[in-house]
Structure formats: C-alpha cells, structure tokens
Amino acid sequence: MNETKTLDQVKISEKVKIETINTEDTIKRRLLDMGMIEGTTIECVLQSPLKDPIAYFVRGTLIALRKDDSKNIIVKNI
Amino acid sequence: MEKKKIALAGNPNVGKSTVFNALTGMHQHTGNWPGKTVGSAYGKFTHKNSEITLYDLPGTYSLIAHSEEEEIARNFICFSDSDLTVVVVDAVCLERNLNLVLQIIEITDHVVVCVNLLDEAKKKKIKIDLKKLEKELGVKVIGTCARNQVGLEELKDSMVKCIQNRFSKILKYDPILEEGIEEIEFFLKSRFQTKMHPRWLALRLIQSDENLLQEINVYLKEDLKEDKLFQEKLEQVRKKIEENGIPLNKIENKVVISIVNKAEEIFKKTVTFEKEDYNRKDRKIDRVLTSKKIGIPLMILLLMVTFWLTIVGSNYPSNILFDLLFKIEEPFKNILNFLKLPSFIISLLVDGVYRVLAWVVAVMLPPMAIFFPIFTILEDSGYLPRIAFNLDHAFKKCSACGKQALTMCMGFGCNAVGVTGTRIIDSPREKLIAILTNSFVPCNGRFPTIISIITMFFVGFSNTIQSSILNVVLLTLIILLGIIMTFFVSKVLSKTILKGVPSSFVLELPPYRRPQFGKVIVRSIFDRTLFVLGRAIAVAAPAGLIIWMFANIEISGISILKHCANFLDPFGRILGLDGVILMSFLLGFPANEIVVPIMIMGYMSLSNITDFSNLLELKNLLVENGWTYITAICFMIFSLFHFPCSTTCLTIKKETGSVKWTILSFLLPTIIGLILCFLIASGLKLFF
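These protein sequences, in sequence, are chains H and B. Going by our numbering, the first sequence opens with residue 1, and the numbers climb by one from there. Going by our numbering, the second sequence opens with residue 79, and the numbers climb by one from there.
Any given hint might turn out to be false.
Derived DSBU-like pairs (lysine-lysine); straight-line CA-CA distance at most 35 Å [unchecked claim]:
no. : chain 1 : residue 1 : chain 2 : residue 2
1   : B       : K82       : H       : K51
2   : H       : K67       : B       : K353
3   : B       : K332      : B       : K353
Each pair of labels, with its calculated beta carbon distance range [said to hold, decoys possible]:
no. : chain 1 : residue 1 : chain 2 : residue 2 : range
4   : H       : N22       : B       : R365      : 40 to 48 Å
5   : H       : I12       : B       : Q242      : 31 to 39 Å
6   : H       : E38       : B       : K203      : 51 to 59 Å
7   : B       : T350      : H       : E38       : 49 to 57 Å
8   : H       : K71       : B       : I624      : 52 to 60 Å
9   : H       : I12       : B       : E300      : 24 to 32 Å
10  : B       : Q314      : H       : I12       : 34 to 42 Å
11  : B       : L298      : H       : D25       : 53 to 61 Å
Listed below are several chain B residues computed to face chain H (Cβ distance under 8 Å; list not exhaustive) [what the hints assert, rightly or not]:
no. : residue
12  : H144
13  : R174
14  : I374
15  : S425
16  : N468
FYI, nobody ran anything at the bench for these hints, they're computed from the structure. On a predicted model such as this, the values are computed, not experimentally measured, just so you know. Glycine included, every Cβ here is placed at the ideal spot set by N, Cα and C.
Please build the complete structure, drawing on both the sequences and the hints.
Here it is in structure tokens:
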C-alpha cells in the first residue's frame with residue numbers, strides 16, 4: 001500500500017501523507033505557511049462545483065488548491 | 079499615565095477584528111471592514127492607568143514577508159518600537175496558527191498570545207490546556223471569546239504588564255545553521271541595541287533578505303553593506319554553511335520546517351479532541367454550499383435574496399424619509415426667510431444643497447442600512463471564501479484568480495474597498511485584473527439608483543411581492559451582466575496587455591461561525607453605512623451648490639447648465655441618453671450617489687415641473703424630459719459601466735502606484751459603457 005501518486009489523484013475522503021513538494025518557490029512558500037511539509041497528513045474533503053479546485057484538510061484547516069498545483073505534490077497512502 | 083504601543087497580529091479569519099473592536103470600542107480611526115483590515119487601523123483605550131494604543135496589523139499566515147500585507151505586519155513588529163505584540167489565534171485551528179506565534183516570538187521578546195473563539199472550540203469539543211501552552215511557549219497565554227467579552231479584562235491586564243518572554247530561543251535549527259547564527263548574533267550584540275532579537279536578525283542576514291536589509295539599514299541608521307568587517311564575517315559564515323551541505327536558498331525552507339514541526343509538537347502536547355469528527359457539521363454545510371448541482375444556483379439565489387430583502391426592506395423607510403425630508407423643506411425655507419437672507423442664497427441652499435442631500439439620504443440610506451448588515455452577516459459566517467472556491471475554475475479559465483470573487487463581493491459595498499481588497503491576490507498580474515474590473519460590480523452608490531429606475535419604468539409602483547420579485551430578477555440580470563463582463567474583460571486583458579498564465583491558488587476555507595446578529599447590525603451601520611453615506615453627503619453638498627449655480631448663472635440669456643446640456647445632447651442622443659444625463663455622470667464623478675439628484679435638478683431647471691416628492695412624480699419629470707424605455711435601459715447600462723468614482727480612482731492610484739493603470743481603469747468601463755449604450759440604443763430604435 002506504499003505506492004506514491006500526485007495529490008490531484010487523491011479521491012474524496014482519502015487520507016495521504018506528503019512525500020515531496022515539487023512546486024515552484026512562490027507556491028511552495030504558501031504551502032509551507034499552511035503547514036504543508038514533507039510528512040504532513042492531508043485529507044481530500046471537498047470538490048468545487050466546477051471540479052477544480054479541491055479542498056484538503058490539513059492541520060485543522062481546510063485549504064483549497066488547484067489541480068495544476070496539487071499535481072506537483074507527491075503523496076503516499078497511509 | 080503610562081503610554082504603551084501595542085501591535086495586534088494574527089492569521090486571517092481568527093476574529094482579530096472582533097478582539098480589536100472589543101478592546102477599543104468604536105474609537106478606531108479608519109473605517110474598519112471586517113475580514114479585510116485595511117492598512118493599520120489603530121485605536122486607543124485606557125486600562126489601569128496606562129494609555130494603550132493598539133495597532134491592528136493585516137491578517138497574515140506568516141511573517142516571512144512575500145506579500146505586501148506580510149511586509150507591513152513584519153515591519154511594524156520589527157521596527158515600530160512597540161512595547162508588545164498580541165497574537166490572536168483561533169482555538170479551533172490552533173496548530174496552523176502556532177506557526178505565526180512562533181515566528182513572532184522569534185522576532186520580539188514581548189509577546190502575549192490570545193486564544194480566541196474558545197466558545198467555538200468548546201462546541202466542537204476541542205480542549206486546550208492553556209496553562210501548558212503558556213509553559214511551552216514561554217509567553218503569557220490568555221483564553222478569550224472576544225465577541226462575548228470573555229477574557230478581555232485579563233487580556234488588558236497582560237497588556238499593561240508587558241511581561242518579557244521566558245525563552246530567548248524557542249526554535250532550534252540545524253546545528254550547522256545554529257553555529258552560523260551564533261557567530262553573527264555575537265557580532266550584532268557587540269554593535270547594536272535593538273528591539274528585535276539579534277538571533278532572528280542574524281538568521282535573516284545570513285539568508286540575505288534584500289528587502290529586509292534595506293529596512294534594517296534605515297532602522298540602525300547605518301549601512302551594513304558598507305561595513306567591511308561585518309560583510310567579511312557574513313561571507314565567512316555563509317561559506318561555512320554552504321560547505322557543510324546547506325545551500326543558502328534552502329535555509330528558509332529548513333527554518334519553516336523547524337517552525338511547523340515545533341508547532342506540531344506544542345499542539346500535540348496541549349490540545350485534545352474529545353470528538354474525532356468535530357467538524358462534521360461544517361463538512362455537511364460545505365457539501366451543500368459547494369455541491370456540483372446546486373452550489374452555483376444557490377449562490378445566485380443568495381444574491382437575489384440579499385437584494386430582495388434590500389429592496390423590500392428599504393421601500394417603506396425610503397418613502398417615509400422622502401415625505402419627511404420634503405416636508406421639512408418648507409419650514410427650512412421659512413427659517414431662512416426669517417433670517418432675511420437674499421433670495422438667491424435661499425434658493426441655492428434649498429433647491430441646490432438641501433435637495434441633493436435629501437435625495438441622497440432618502441434613496442441611499444435605507445438600502446445601505448439593510449444591505450451592509452446582510453453582507454456583514456454573510457462575511458462573518460464564512461460563506462464568502464466558498465464563493466471564491468465555487469468560481470475559481472471560471473476565473474482560472476480567464477487566467478485570473480478565484481479570490482477576485484471576494485474582491486467583487488466587497489465591490490458591492492464600495493468599489494474603493496474592493497480595490498483595496500485585491501491585496502489578498504498574490505500575483506501582481508491577477509491583482510491588476512481584479513482592480514481594473516472591480517467597477518463592473520455596482521456599488522452601494524449605484525444599485526439603489528438602478529433599483530429606482532427599474533421600479534419607475536419596468537415594475538411599477540404596486541407594493542406587491544410579485545413586483546418586488548420582478549424587480550430583483552431584473553436587478554440580478556443587470557448584475558449578472560456586470561459579472562459576465564468581468565469574466566470577459568479579465569480574459570481579454572490576460573490575452574493582451576496583461577498576458578500571462580494563471581498562477582498558483584491557495585485559499586483557506588475557514589470554519590463556519592454563527593454571526594452575531596445584534597452586533598453585526600450595530601457595527602455595520604456605524605462602520606460602513608454611516609461611513610459610506612457620510613462620504614456621499616460630503617460631496618453631495620458642494621455638488622448641489624455647483625449644479626445650482628450651473629442652473630442659475632446665465633451666459634447670453636441661457637444658463638450654463640443649458641449650454642452644457644445642449645453641447646452634450648447630440649452625443650448623448652447617440653447613446654440613447656441625453657445631454658443632462660451625461661453631464662450628471664460627469665459631475666457625479668466624486669460619488670455615484672449624486673448622479674440622479676444632479677440629473678433631477680438639471681431637468682427641473684429646464685422644464686416646468688419644479689417639484690416632486692415621490693418616485694411617481696419623478697417618473698413624470700423624466701418622461702416630460704423625453705425619457706423612454708430605451709433611455710431607462712441605457713441609463714442603467716451606463717450606470718453599471720462607466721468610470722469609477724473619484725475615491726475609487728484615488729484608491730487605484732494608491733494600490734497600483736501608476737497613473738497609467740488608473741487612466742486605464744477609468745477608460746475601460748467607460749468605453750464599454752459607450753459601446754453598449756450605442757449598440758442597445760441603435761438596436762432598440764429599429765423596433766420602437
């Protein structure tokens with residue numbers, strides 16, 4: 001069960017752990033501000049009516065990310 | 079009395095403004111818009127023989143300063159010589175909030191943490207050990223529930239006491255980094271006395287934060303770059319760090335990771351969840367409000383309900399105000415007569431100044447007094463970010479940012495506020511798009527005008543539910559036209575002068591909160607309604623004066639007003655309007671609220687009707703002056719699409735720092751309005 005995938009492939013109510021964040025610096029900083037670092041547990045909870053963005057539950061808060069960004073975040077199942 | 083300067087910091091959406099308001103009462107010095115603290119508002123209060131000035135910093139997630147707001151907050155904490163920084167945190171999502179707390183503790187050694195929204199946490203069965211948190215952080219921690227005034231006395235006490243932090247070093251970094259920091263710190267300590275921790279300063283210097291370096295130079299009154307000895311030392315330290323395997327550009331990353339890990343560690347020690355799925359209710363609401371099928375229709379419905387309540391609710395008070403204000407006109411005139419003022423002055427004061435003021439108050443005050451509280455309730459409940467979430471994809475298709483939806487919502491209240499609100503958009507390109515298109519949302523100075531035109535020409539005067547619903551449907555169609563235009567223009571801008579790809583998008587969807595209805599009404603009336611109305615009245619009086627003079631000073635037998643109207647008339651006719659309307663829009667540049675009263679005065683000076691006391695009589699006046707359905711439609715279109723008011727233009731100048739963009743934001747909607755009016759007028763004239 002230790003396969004990796006990108007965050008945009010994670011389905012609603014699935015819980016995963018962040019492996020690596022391969023985004024460019026500006027968004028990486030924003031993600032860090034929200035407490036998203038390697039090893040952080042993250043749960044996919046909500047999809048927008050137009051399918052993108054998707055909201056994730058991270059460290060007690062709900063954070064919406066676009067697929068263009070979340071596909072650069074590698075996660076693994078837990 | 080001892081004077082103290084205290085900063086109030088915190089993440090966005092943690093009720094920081096509530097804490098600020100609760101502490102300072104209404105004594106703040108700028109119009110404060112909850113959810114969006116503009117600039118640094120400050121307020122004063124006295125407690126136990128201390129006079130405290132409290133500065134409300136912009137809500138930020140971190141102080142690593144990548145956005146303008148973060149820079150403002152950071153610079154204030156670092157360089158303003160404040161005695162203490164109070165960090166407001168949300169008890170419901172403490173972990174993320176602790177990041178900022180740790181960053182601030184690192185900078186300054188006088189910090190108090192205010193754990194707000196304890197009631198919400200209690201509802202969700204989240205238990206926080208405040209005593210333990212205090213021990214872990216080494217700073218005073220106070221639990222509050224600011225909206226119910228709980229814990230405020232204790233918070234004030236701690237502000238007076240200003241206790242120093244217990245730890246001078248709360249975060250431990252990589253040993254290699256620590257070694258470097260120590261060396262620079264030692265050097266700094268031997269040279270400077272600063273309010274900031276030399277440790278923090280040392281770390282920033284190693285990272286060579288250019289932006290901060292400039293501020294530091296100003297603060298220390300010494301250019302560190304010129305200091306050869308220091309630069310040598312710094313280079314040496316940097317080299318050592320790099321040689322030991324930490325690239326300089328990865329330092330920040332490492333620092334943030336240490337902060338996040340420390341926050342997690344403290345969080346785990348101090349917070350217990352007694353209910354695993356504590357936010358199940360929020361998720362349930364979210365699944366409805368952002369649902370695939372009804373999420374977007376629900377949004378439009380909510381918009382319609384808001385406006386329906388505004389229309390229905392303001393109808394009656396508006397009529398009463400009309401009656402009242404026009405009844406007072408006669409006695410007012412009599413008093414002036416009694417004072418034996420020259421008749422032209424009486425006419426100027428009554429027909430000029432008073433009537434414009436009366437119109438602005440009667441037509442604008444009731445809708446504002448209803449719309450602003452409803453809007454504030456929506457804002458406080460946490461719904462607005464969901465609008466951004468629902469619409470982001472559409473904005474992305476136009477290479478813009480979903481947060482633009484939030485600034486558009488603010489635009490309903492006031493476009494100038496909407497423009498300032500664009501600070502929440504990180505990408506400068508997307509921010510400019512949001513600024514340039516903000517006036518496509520009709521502000522409070524415009525939609526009451528549009529409502530009255532709809533009433534007069536399309537719905538009629540019967541006070542039935544059906545007519546109010548028809549009114550709101552028509553108004554919504556006009557607003558939707560504005561929204562469609564926003565998307566269209568955003569897209570065109572992204573393909574032309576503001577070329578670029580959509581940047582990243584990180585948006586927090588805060589927990590839902592039950593708004594405090596009573597307080598919301600009081601606050602939104604005082605902070606917003608009276609603020610906006612006051613601004614309108616301030617320009618309405620001189621505008622009334624000028625227009626009266628225009629109407630009464632004659633050049634070669636014809637009034638100036640008639641000269642101007644005649645001159646503009648052929649141009650106005652092409653657009654389905656007329657000279658008086660165009661002139662009113664031009665003279666209404668200071669505030670959209672005064673466009674219609676100016677127009678009325680213009681018509682009255684040109685026709686036989688010299689008096690009206692309700693909308694029906696006003697309609698007669700307009701019809702007498704050649705208004706048709708086409709005029710009404712074109713008037714509403716031009717009202718939606720024309721240059722932003724002077725306040726908004728000044729704000730745009732301030733936000734963009736560029737005359738070029740200000741001029742463009744003036745021309746863009748105007749040209750669109752001219753083209754649309756021309757097309758509609760020419761098209762409709764073929765049929766009628």
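Going through the hints against the structure:
For the proposed pair K82(B) and K51(H), the alpha carbon gap of about 51 Å is over 35 Å, so the pair is violated. With a CA separation close to 31 Å, the supplied pair K67(H) and K353(B) stays within the 35 Å bound. Annotation: proposed proximity of K332(B) to K353(B) holds, straight-line Cα distance about 34 Å (limit 35 Å). Checked against the hint of 40 to 48 Å, the C-beta distance between N22(H) and R365(B) comes to roughly 31 Å, which is inconsistent with it.
A C-beta distance of roughly 48 Å is found between I12(H) and Q242(B), which places it outside the suggested range of 31 to 39 Å. Between E38(H) and K203(B) the Cβ separation comes to about 31 Å, which falls outside the hinted range of 51 to 59 Å. The supplied range of 49 to 57 Å is broken by T350(B) and E38(H), whose beta-carbon atoms lie about 26 Å from each other. K71(H) and I624(B) have their C-beta atoms about 59 Å apart, which keeps the hinted 52 to 60 Å range intact.
For I12(H) paired with E300(B), a C-beta distance near 56 Å fails the hint of 24 to 32 Å. At roughly 53 Å, the beta-carbon separation of Q314(B) and I12(H) lies outside the given 34 to 42 Å, and the hint is violated. Checked against the given bound of 53 to 61 Å, the beta carbons of L298(B) and D25(H), roughly 29 Å apart, lie outside it. The criterion of a C-beta within 8 Å of any C-beta in chain H is met by H144(B), whose closest approach is roughly 6 Å, and the hint holds.
Annotation: interface hint on R174(B) holds; nearest CB of chain H at approximately 5 Å, less than 8 Å. Hint on I374(B) holds. Least Cβ distance to chain H is approximately 5 Å, under the 8 Å limit. About 58 Å separates the beta-carbon of S425(B) from the nearest beta-carbon of chain H, more than 8 Å, and the hint is not met. A hinted interface residue such as N468(B) counts as satisfied when its beta carbon comes closer than 8 Å to some beta carbon of chain H; here the least separation is about 5 Å, so the hint holds.
The structure is inconsistent with the numbered hints 1, 4, 5, 6, 7, 9, 10, 11 and 15, although it conforms to all the rest.
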